[in-house]
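S.K.: Residue-level listing of the chains:
Number of protein chains: 2
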Amino acid sequence: MKPRISVLTLGVDDLARAVAFYRDGLGWPTRGIVGSAEQHSAAAFFALQPGIQLALFPRASLALEVGVAEPPSGTSGCLLSHNVARREQVAEVMAQAAAAGARILRAPRDTAWGGHAGYFQDPDGHPWEVAWNPKWPVEDD
Amino acid sequence: MKPRISVLTLGVDDLARAVAFYRDGLGWPTRGIVGSAEQHSAAAFFALQPGIQLALFPRASLALEVGVAEPPSGTSGCLLSHNVARREQVAEVMAQAAAAGARILRAPRDTAWGGHAGYFQDPDGHPWEVAWNPKWPVEDD
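Taken in sequence, the protein lines are chains Y and D. Final position of the first sequence in our numbering is 146; the numbers increase by one with none missing. Final position of the second sequence in our numbering is 146; the numbers increase by one with none missing.
Take these hints with a grain of salt, some might be off.
[As the list claims (entries may be wrong)] Here are the in silico distance ranges between beta carbons for each label pair:
#, chain 1, residue 1, chain 2, residue 2, range
1, D, Arg-36, Y, Lys-7, 14 to 24 angstroms
2, D, Ala-65, Y, Thr-116, 11 to 21 angstroms
3, Y, Ser-41, D, Leu-110, 19 to 29 angstroms
4, D, Arg-114, Y, Asp-145, 38 to 48 angstroms
5, Y, Arg-114, D, Lys-140, 40 to 50 angstroms
6, D, Leu-110, Y, Arg-36, 20 to 30 angstroms
7, D, Lys-140, Y, Ala-117, 42 to 52 angstroms
8, D, Lys-140, Y, Gln-54, 17 to 27 angstroms
9, Y, Arg-114, D, Ala-65, 15 to 25 angstroms
10, D, Thr-116, Y, Arg-91, 19 to 29 angstroms
I should point out that these hints are in silico values taken from the structure, not numbers from a laboratory. Bear in mind that the values here come from a model prediction, so they are computed numbers and not experimental data. We treat Cβ as the ideally placed atom computed from N, Cα and C, and that holds for glycine.
Okay, chain Y solo, but in the shape it has when bound (with noise of 0.2 angstroms):
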């Protein structure tokens, strides 16, 4: 099996706050919800970089597809990390991920591994790492 993963699924309980978190909060293009409620197909997708992309998907749904449990609403077992190119670009995301309705769990500060970040949980819970690291280069937003 390669390393690769293609896409990465959240599960959510409401997914038009959902999609209005990531796209109008936090700008990220998407066509916005496709699929079905009813057929439990409803979904939302977002581009990341070439090769993956981001999914929202019902909690219910979710379980109900994959066969697994669902978690309790605001816990996670994942943490996903979003490299910054400059350390002070950390501040500028997580205040735009506040404005957009974000729980702050950390404010920005150094690291034990000699960088800056910050936490964030989307509205499902799901926390996001907000990171400058001096030995991971990123392409300049």
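Based on the hints, put chain D in the right spot on chain Y.
M.R.: Just chain D now, with coordinates in the frame of chain Y:
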């Protein structure tokens, strides 16, 4: 905020077991466990496609660092999808995962959206979809 994910971190109950699953079972290169268990910094990293890594991190350390509640072990609010180039590769990858100790959630079957997919669960309950999508070209391994 640009649509970008740099690292996907999965919370695990047993870091060595998780590393063995991905490294030995699925064949994914890694430097193995780095950092310090005592300092809650022990983790393992796997390079996926360029610009994105998978990280394995003890659940308790993750909850401590990020400040979110741990979900119960064996549940997950995130689905990871791995697309393959050819339809028959779905079964091949599923078989490899099963041999590695994955729990098979759903055997491969044709999907409503015109593809072919199955699901397995890693030792920590994180679900993977293995999918062939005729509309999603993937470089053949």
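S.K.: Look at each hint and say if it fits the structure.
M.R.: Evaluation of the provided hints:
1. Arg-36/D x Lys-7/Y: 14 to 24 angstroms: 18 angstroms, holds
2. Ala-65/D x Thr-116/Y: 11 to 21 angstroms: Holds, at about 19 angstroms.
3. Ser-41/Y x Leu-110/D: 19 to 29 angstroms: 23 angstroms, holds
4. Arg-114/D x Asp-145/Y: 38 to 48 angstroms: 44 angstroms, holds
5. Arg-114/Y x Lys-140/D: 40 to 50 angstroms: 43 angstroms, holds
6. Leu-110/D x Arg-36/Y: 20 to 30 angstroms: About 28 angstroms separates the Cβ atoms of Leu-110/D and Arg-36/Y, which means 20 to 30 angstroms holds.
7. Lys-140/D x Ala-117/Y: 42 to 52 angstroms: 44 angstroms, holds
8. Lys-140/D x Gln-54/Y: 17 to 27 angstroms: Distance hint for Lys-140/D, Gln-54/Y holds at roughly 19 angstroms.
9. Arg-114/Y x Ala-65/D: 15 to 25 angstroms: Since the Cβ atoms of Arg-114/Y and Ala-65/D sit about 21 angstroms apart, the hinted range of 15 to 25 angstroms holds.
10. Thr-116/D x Arg-91/Y: 19 to 29 angstroms: Violated, since Thr-116/D and Arg-91/Y (Cβ atoms, about 42 angstroms apart) do not stay within the stated range.
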